[in-house]
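J.: From first to last, the protein sequence lines stand for chains U and L. For reference, each letter of the first sequence is one residue, going 1 to 369 in our numbering. For reference, each letter of the second sequence is one residue, going 1 to 301 in our numbering.
Hints may contain errors.
[Claimed, not checked] Now the in silico label distances, taken between C-beta atoms and shown as ranges: (1) L/126 to U/68: 49 to 59 Å; (2) L/9 to U/174: 29 to 39 Å; (3) L/151 to U/136: 40 to 50 Å; (4) U/259 to L/126: 32 to 42 Å; (5) L/131 to U/61: 29 to 39 Å; (6) U/182 to L/126: 57 to 67 Å; (7) L/214 to U/61: 30 to 40 Å.
Source of the hints: derived by calculation from the structure; they are not laboratory data. Just so it is clear, CB atoms sit at the ideal spot from N, CA and C, and this is done for glycine as well.
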Amino acid sequence: MSSLTIKDLRKSYGNVEVLTDINLEADSGEFVALVGPSGCGKSTLLAMIAGLESVTSGEIRIEDRLVNTDAPKDRDIAMVFQSYALYPTMTVRENMTFGMECRHVPKAEQKEVVDRVAALLQIEPLLKRKPSQLSGGQRQRVAMGRALVRDPKLFLFDEPLSNLDAKLRIEMRSEIKKLHQRVGKTTVYVTHDQVEAMTLASRIAVMFKGVLQQYDTPKEIYERPRNKFVAGFMGSPTMNFLDAKVVARDGGFGVTIDGGDGTVLPLPADRAVGLSAGQPVIFGVRPEHFSPVHVAREAVHGSDPVTVKVLVDMVEPTGSETILMTTLAGQEVVASVEPDDAPNEGESIELAINMAKVCLFDPKTELRL
Amino acid sequence: MAETMHQDFDPLATGGTRRRLTSKGIVYTLLAVFALVYTAPLVIILLNTVRPLDDIVRTGFIALPDAETMSLKYWAEAWGTFCIGGTCEGVSRFYKNSLMMTIPATILSTVFGLLNGYILSKWRFRYDGWVFGVITLGVFLPQQMTLLPWAFVLGKLGLSNTIAGLVFVHTVQGISFTTLFCRNYFVSIPDDLIKAARIDGAGFWRIFYKIILPLSPPILIVTVIWQFTGIWNEFLFGTIFTSGANQPITSAIVAFSGSGTGERHYNVEAAAVIMAALPPLFIYVAGGKYFVRGLTQGAVK
């Protein structure tokens with residue numbers, strides 16, 4: 001059963017269209033991440049689901065009930081805000097019971113629910129404090145607690161981790177995941193951080209300029225991005241895009257990099273559907289799909305490595321991996337390799353490409369071929 | 001939030017002892033001179049309230065009271081028995097008028113200001129900017145310009161020469177200021193709080209009582225002080241729209257000077273003036289530091 005259905009949803013402010021024909025569906029218990037750069041409309045979409053923004057046209061259904069014009073309180077949702085939005089004059093306990101007060105839940109039940117949620121989130125010692133006496137991570141927990149006491153049909157998160165420092169963010173990220181596994185409620189999670197989306201979501205909706213670019217599982221989005229934008233947005237460091245041309249090759253196709261020495265990089269049969277020789281393409285390779293030849297990752301990536309010669313301009317060690325800024329046939333290429341395999345700056349090396357993972361895009365439509 | 005030690009910057013704390021002493025000496029001498037200039041009128045009036053009339057007439061306004069003749073009876077006279085306009089009840093009844101006018105008008109204008117500010121900052125609607133602009137236009141209108149319209153309105157409502165009429169005028173006039181103060185203060189309260197409360201199921205009034213009002217004490221103090229002192233000290237409306245027994249104290253005091261006998265009772269007048277100045281003075285001394293804090297501080301730290 002689908003717990004959230006959005007159909008042909010549009011939003012415009014006067015003549016400015018901020019969301020165009022959004023269609024998505026979330027199954028019961030699913031964790032959906034809305035991801036995209038700032039200004040892509042993801043927060044507006046969330047606010048529309050919450051009922052904080054009006055619907056210009058289209059439909060929003062929560063558990064098959066049309067909620068387009070329902071007030072936020074009647075939608076049976078709970079929301080966690082980026083700023084946490086804790087009521088500053090109330091204690092943590094009062095923050096958590098405020099919603100139940102509004103819904104006239106009996107006092108005894110309120111206490112029971114707060115105690116249960118506080119135990120779940122380990123915030124019992126904080127119940128008597130004011131939000132100003134809490135650290136960022138504690139506020140974050142309380143904000144989630146306030147949402148959890150509701151037991152809603154739908155959880156909405158609006159960039160809940162962006163105000164935390166890097167270490168805490170990763171901690172809270174896995175905590176949110178654990179929590180979702182335990183509570184099992186349908187969740188819509190807005191973030192601009194593709195790593196958060198990849199790690200948390202069962203399905204990711206990538207948005208750009210008010211248009212839903214792709215809505216699929218993290219694996220599918222990563223491996224088979226629908227277009228150049230999705231390919232470039234998901235993954236860090238970002239995918240390399242090289243201008244190239246399709247050439248015919250015995251029994252199949254290959255590509256040659258523009259400006260290079262004409263080496264033909266053979267395409268696996270499943271990546272070469274619907275191509276024609278001479279067709280210009282954008283050749284997309286993720287940084288981790290390069291590996292130094294001498295390491296011979298073919299054991300992992302299959303036999304007969306396809307190699308290219310690159311000049312290493314700069315080396316960025318991150319500890320777990322080393323990023324190489326290189327030049328391939330006059331075009332910039334970023335590769336990530338094992339720290340132990342890293343060459344020196346200024347060296348010219350051979351890199352093997354895992355051709356099973358490459359993507360080809362049409363230079364005009366930017367769609368994946 | 002970490003407690004940080006705050007040390008006021010003291011530009012005079014540097015340099016040698018000698019230099020420090022000289023510069024401090026100059027600063028404090030100047031400050032003392034100005035303090036003297038500003039407090040002199042108050043002190044002189046205060047001294048005159050305990051001097052007998054013949055002493056004032058003989059030695060002039062600026063003199064110390066004579067220990068043998070000084071007396072507090074002029075205060076009592078000013079309060080209860082002095083004759084103004086043929087009624088010998090002192091200023092007490094006008095004092096009561098002023099309180100009857102100032103307290104309701106302060107409360108009403110503050111309540112309306114809070115509501116207006118809340119709506120104009122948190123429940124935005126089309127052309128709300130224009131509405132806000134028109135309301136605050138009242139801040140810039142000279143009082144004199146509003147005299148005729150008010151006289152007309154009060155006449156139509158049957159409120160001419162009543163305290164209720166003055167309360168009405170001051171409430172409406174005050175809304176311009178209180179709306180301006182409150183709206184600008186509430187703008188700094190994050191909208192996310194309102195959104196969270198709406199999702200929690202709170203409506204217009206519950207959000208106002210439970211979330212906005214508890215955050216409002218700083219601006220409440222500002223508007224109450226501003227309105228109370230402003231309305232208490234106001235003279236023009238009181239003089240024009242009321243007469244005789246219905247006047248507030250500011251207008252009634254003027255009647256002293258022309259109180260029939262031709263003889264000026266400077267000591268009684270002085271006592272009445274000080275009495276009239278006490279309530280706003282008290283309010284300001286009691287709430288002054290909150291006043292400055294409220295004007296400069298945002299709602300949520």
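J.: Looking back at the hints listed earlier, which ones does the structure fail to meet?
T.: When the structure is compared with the hints, numbers 1, 2, 3, 4, 6 turn out to be violated.
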